[in-house]
Amino acid sequence: MLVRSLPLALAVCAAVVLSGCAKTGMPLMGAANVSVGKFKAKSLHSTKNRFSKHELVVRMAAGAKPPIAGVKIKTTLGDRQVHTLPAGVTVEQAMAAYQAAGAVQTIERLELFPVEEDTDPADVPVLKAPSPQLASNDPMLFQQWSHVVANVPHAWELERGRGEVIVGVLDTGVDANHPDLKGTVIDGPDFAENKDSSPDIDEHGTHVAGIIAAHANNNLGVAGIAPNVKVLALKIFEPYFEDNQFQGTFYNAFTLARAIQYAVTQGGVKIINISAGIADDEILGTMFSLARGKGVIMCVSAGNNGNNVYTGGPKGLDGVIVSHATDPQDRLARFSNYGNTLAVSAPGLSILSTVPTYANPFTGEPGSKTGYASLSGTSMASPFTAGVAALVVSGLMDQTEAYFKSAYGKDIHLTPEDIPGTIVEDLIRSSCKDLGVPGRDEVFGCGRIDAGRALENCYDSNWVERTAKEIQRNGRR
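FYI, in our numbering the residues of the sequence shown are 58 to 534.
Be aware that a few hints might be false.
Each pair of labels, with its calculated beta carbon distance range [as the list claims (entries may be wrong)]: (1) R391 <-> A160: 47 to 55 Å; (2) Y415 <-> Q386: 18 to 26 Å; (3) N301 <-> A160: 29 to 37 Å.
Okay, derived cross-link-like pairs now, DSS-like style, lysine-lysine, Cα gap no bigger than 25 Å in a straight line [unchecked claim]: (4) K110 <-> K129; (5) K110 <-> K252; (6) K110 <-> K122; (7) K526 <-> K467; (8) K526 <-> K426; (9) K110 <-> K131; (10) K252 <-> K239; (11) K131 <-> K252; (12) K351 <-> K122; (13) K239 <-> K426; (14) K129 <-> K239.
Hints were generated in silico from the structure; no laboratory data involved.
Source: prediction; values computed, not measured.
No residue lacks a Cβ here, since even glycine has one placed at the ideal position from N, Cα and C.
When you get a sec, could you build the whole thing from the sequences and use the hints?
What follows is the structure in C-alpha cells.
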C-alpha cells in the first residue's frame, strides 16, 4: 500500500484496505426461503471499497449452467466461480434470477480492493542522503536515503543477489522495458484480465519492482536492494468502469489467489511481495498456506491507516512478514499501520524508484519524463523487506554450498527452493535494529530491517549449519 508523494491523476476511489472482511456468501435453501434483502453487501474493509456492478461470485451444482443467458464464467477457483453479467443486466436483476435457480448454492457480490488513493502531502520533501563514498555509480543513489539507513552498501559488499532467486511482484503489472529493469523482469500472466502479459497499468508495480531489483552500478537512475535477482510480474489489478466511466484500478480475492497459486506452482518464486490490502477470504488463507508450505517467503504491506488495524486474516498468519513503514529518523511513518509483533519495519517515506514513462492507458495521464518518482507508503516498505529477503536467500545459498564443500568435499549447487523459508524469516527478524521499547513491540515489530546485519548473519556458522542440517533433514541433499 502506498501514499503517493507525487500527484497522479488516476481517479481511484480508495482507502486503505483492512483485513478481516466478513464472508458474504449465503446458503440458498430455495427461493421461498431467501430474499434479496437478506443479502449482506456492506464491506467491512472501508466505506470507499466497492462491489462490482458487473460480476457475482457463485457456487453452483456440478455441471449446472448460469441461469441468465450471456453470462460468462471469468474465473473458477475451488468450488466458486466469478460470473460476468451481460450488458443490460443489473446486479439486482441477476441476484433475483440466481436466487430463484435451484442449482445455485451460494451467491456473493464481488468486492473490489483499490490501489491507494492519490495524495500529495505537503510536508514530504524529496529526501537525500549524500555520502562521500557511494557504493554504486547510479546517479540517483544519493537520493536513496533508505539504503544508507538500512545498511544496504555493507550488504552489497557480501551479496548482490543470485539470478536464480525470483521475487514475485503481484501488483498493477511492471514496465519490463524500463531501462533500469530491462532483463530483470519476467513478464508473467495477467490474472485480472486473463492475458499473457503484465504491463503496468498504473505505476505502483513498476515502483515496487525497482525497489527490489533495479539495476545497480549501470550509470543509470537508482539501485534496487537485490540488483542481481529476477522479478516475476503478475498483474492482479484491472481497470473498473461504471457507466463507461473509469473508476480506478482494483483487484479481487480471486485474482490474487490465482496469482499466488501460479507463482508458487509454476513461477519458480522464492519470495512473493503483495503491497495491497488483503481480504480475510478462505481461498486466500489456503493459498498463503500453500506458499509457506513450499518454503516461499510472503512479504506484505501493513497498510496506511496510521493505527492498529491489520490483526487477523492472511496478514496475521504465523511466518508472514508484514512491513511497517519508517522515516529517515527511524520513526514510524505517520501513515503506517502497526500491531503485529512478528512484523518488521522498513523505509517507506519518500522512496525513489522506477515508474513507467508511457502514458496511463485509461486516464491519458502522461508518464514520468525521467522514469523515476518518489512514493510513500507501506507499499514501499514491503518490497524493501522482500529485497533483503532475496539477498538473504542468495547469501545462504552461497555459504551453505561452501559448507557442504568444506564438510563433505562435494560441489553442490543449491537452488532457492532448497533454502528453508522459515530460516530466512527468522534470520531477517533477528537481524533487525531494535527500535522503540526493548524487544518486539506493536509499533516497530521486531525492529527496522538492517540489510548489512542480515548478510553478516548469512556468514555466521550457526545460521549456515542450521540451514545445512535443515536441508539434509528435508532430504533435499
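ask   = Which of the stated hints cannot be reconciled with the structure, identified by number in ascending sequence?
value = Numbers 2, 8, 12 and 14, in rising order.
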